[in-house]
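Novice: Here the protein sequences line up with chains A and B, keeping their order. Residue numbering for the first sequence follows our numbering, starting at 89 and increasing by one per position. Residue numbering for the second sequence follows our numbering, starting at -19 and increasing by one per position.
Simulated from the structure, these hints should not be mistaken for laboratory data. Predicted model, so just to flag it, every value in this text is computed and none were measured. From the three backbone atoms N, C-alpha and C, an ideal C-beta is built for every residue, glycine too. Just to be clear, a hint being listed does not mean it is correct.
Stretch by stretch, here's where chain B covers chain A in the computed footprint (C-beta under 8 Å, at least three residues) [what the hints assert, rightly or not]:
1. 211 to 222
2. 318 to 326
3. 451 to 464
Listed below are the simulated DSS-like cross-link pairs for lysine-lysine, each with C-alpha atoms no more than 30 Å apart in a straight line [said to hold, decoys possible]:
4. B:-18 / A:444
5. A:107 / A:184
6. A:154 / B:-18
7. A:154 / A:108
8. A:291 / A:267
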Amino acid sequence: MRLVDDAAGGGPAADDDRKKNRYYHFDRHTPEYRLQFEKITREMHAKCPIAWTDTYGGHWVAASSKAVFELARCPAVSNYHDITGQTPYQGITIPKASRATTVRGGILEMDEPEHSIYRGALNPYLSPAAIKRWKPFIDEITRAAIDEHIESGRIDFVDDLANVVPAVFTLAMMGIPLKKWALYSEPTHASVYTPEHSPEREKVNQMHREMGIDLVNNMIEIRENPRPGLVNALLQLRIDGEPAPDLEILGNLGLIIGGGFDTTTALTAHALEWLGEHPDQRERLSRERDTLLDPATEEFLRYFTPAPGDGRTFSADVEVEGTRFKEGERLWLSWAMANRDPEVFERPNEIILDRKGNRHFSFGIGVHRCVGSNVARMLFKSMLTAVLDRMPDYVCDPEGTVHYETIGVIQGMQHLPATFTPGPRLGPGLDETLERLQRICDEQELARPITERKEMAVIDW
Amino acid sequence: MKVFVDSTRCQGHTLCSMIAPDAFQLSEIDGTSSPVSEVVPPELQDAVREAAQSCPEQAISIEEMSPSDMTRQGDSR
Chain A
89 MRLVDDAAGG GPAADDDRKK NRYYHFDRHT PEYRLQFEKI TREMHAKCPI
139 AWTDTYGGHW VAASSKAVFE LARCPAVSNY HDITGQTPYQ GITIPKASRA
189 TTVRGGILEM DEPEHSIYRG ALNPYLSPAA IKRWKPFIDE ITRAAIDEHI
239 ESGRIDFVDD LANVVPAVFT LAMMGIPLKK WALYSEPTHA SVYTPEHSPE
289 REKVNQMHRE MGIDLVNNMI EIRENPRPGL VNALLQLRID GEPAPDLEIL
339 GNLGLIIGGG FDTTTALTAH ALEWLGEHPD QRERLSRERD TLLDPATEEF
389 LRYFTPAPGD GRTFSADVEV EGTRFKEGER LWLSWAMANR DPEVFERPNE
439 IILDRKGNRH FSFGIGVHRC VGSNVARMLF KSMLTAVLDR MPDYVCDPEG
489 TVHYETIGVI QGMQHLPATF TPGPRLGPGL DETLERLQRI CDEQELARPI
539 TERKEMAVID W
Chain B
-19 MKVFVDSTRC QGHTLCSMIA PDAFQLSEID GTSSPVSEVV PPELQDAVRE
31 AAQSCPEQAI SIEEMSPSDM TRQGDSR
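Chain A on its own, in the form it takes in the complex:
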């Protein structure tokens, strides 16, 4: 990388020169992008690994692993979101959301040093050691979700499993009552897959507001009567001796919910769909899980890239990988396309469960590495292994399967119905289990950070 002194002074001619041979019509919000993802990715890797597109006010697109790797770590590339809208700094969304933005997207829309201050408060709740303590608790949520359907021989892997477990667990970590999971889960998923112009949108926005009100109420409650969890972590944070502003706390809580729910659901659903289509691989994964579960998880992450990319803004004139960028220009970092780069990944468009050297981009690169990556892996493995154990012969129903129409924000799924040989229940149903888990959560203070509590959760019934 080098800073450029003269680029800022250039007129339209200089602009054309910078973008010459780099024009590519890129619109990731269209269904065509999803349907032709491999073709578009191949084309961009070959012709313009760093491309300029005129869509959404014009922005750069980084598609190759090298470009994404360098730009994601470039100090002149900013995550900052100016919610006044007065400057080009529009955070991680391209285009910016049509509804009025009043809150930044937490640490994902902050630069240093602010980013590290907030992230430092969250890390001890989300580190590998912190998440490992919850394993028995997570496995119980999974067990109960499956028990609701195991006797019937029918399940929708999205509605009945992959939507449930991440939502319940995220609330547990936050310190919000588990029984409220549906109030949070529905609007979080629906606001991603419901297009802005859809007649359903107003209903989704209304549900989203109800969730927001509950979140604020929890924040007020926890401020008055502290109870362990991520809400409390942000309330207790002091910056130069002062509490963090409420809007920043809410922004971070929104990020935890938005980041924690839909992405893990998307990963789990896609992996289950693929394994259903490849029963031999499913059987092998189950049999060799001691060695295969970890690399297979990373491979599903790479191949499906649930969060396909992030927006950025250049904060200085800079040259990276032979392209000159100007301050204020917007950039899309495509984790999904970097993940299919043959320079790094042999046979990039195939799922190879024991892939080696899988340095995938699915949790982002640089200081903004997904703060919930350890949560995602733990939840995914819990759900996947439970399905392999309890519904080993499941068959998905392609007729009822619904993928998100577009993958501009999340490469997700709305429904994945399946049938399987029925089996016996192993414990109480979901509602009763959540009551019991709530008691355990409270008594054992599971939502404390790793600095305060090291012990594993104990399921004592």
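Use these hints to put chain B onto chain A, whose structure you have.
Specialist: Coordinates of chain B only, in the frame set by chain A:
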């Protein structure tokens, strides 16, 4: 073989310890990695090479030692 983790690059992706759990230890607080021991025992070397290749931040570097280095090291123990 010696292994180093560049702490300015490591972001706590945890792939190294997933691949070579006996060679890398993770911070309890944020999951960032450091080698258990800079000198890698022979039985872990393949896994450490694989971990270095798999690091999303390319934060792991390896120094292969010549046989004479290893002898000197053996002497000093």
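Novice: Measure nothing beyond the straight line between the CA atoms of residue 291 (chain A) and residue 267 (chain A); if it is 30 Å or shorter, mark the hint as holding.
Specialist: 22 Å, holds
Novice: Given the proposed pairing of residue 107 (chain A) with residue 184 (chain A), does the C-alpha separation stay at or below 30 Å?
Specialist: Holds, at roughly 23 Å.
Novice: For residue 154 (chain A) and residue 108 (chain A), compute the direct alpha-carbon distance and say whether it is at most 30 Å.
Specialist: Status holds; Cα separation ~20 Å.
Novice: Are the Cα atoms of residue 154 (chain A) and residue -18 (chain B) separated by 30 Å or less?
Specialist: Holds, because 27 Å separates the two Cα atoms, which is no more than 30 Å.
Novice: Would you check the hint for residue -18 (chain B) and residue 444 (chain A), treating anything up to 30 Å between C-alpha atoms as holding?
Specialist: Satisfied, since the Cα-Cα distance of roughly 21 Å is no more than 30 Å.
Novice: Quick one: see if chain B covers the region 211 to 222 of chain A, three-plus residues with Cβ-Cβ under 8 Å.
Specialist: Holds: 6 residues of the region 211 to 222 of chain A have a Cβ under 8 Å from chain B.
Novice: Please count how many residues of the region 318 to 326 of chain A have a CB within 8 Å of a CB from chain B and say whether that reaches 3.
Specialist: n = 0 at 8 Å, threshold three: violated.
Novice: So is the region 451 to 464 of chain A in contact with chain B by the C-beta rule, three or more residues under 8 Å, or is the coverage claim wrong?
Specialist: holds (count 7)
Violated hints amount to a single one, hint 2; each of the other numbered hints is respected by the structure.
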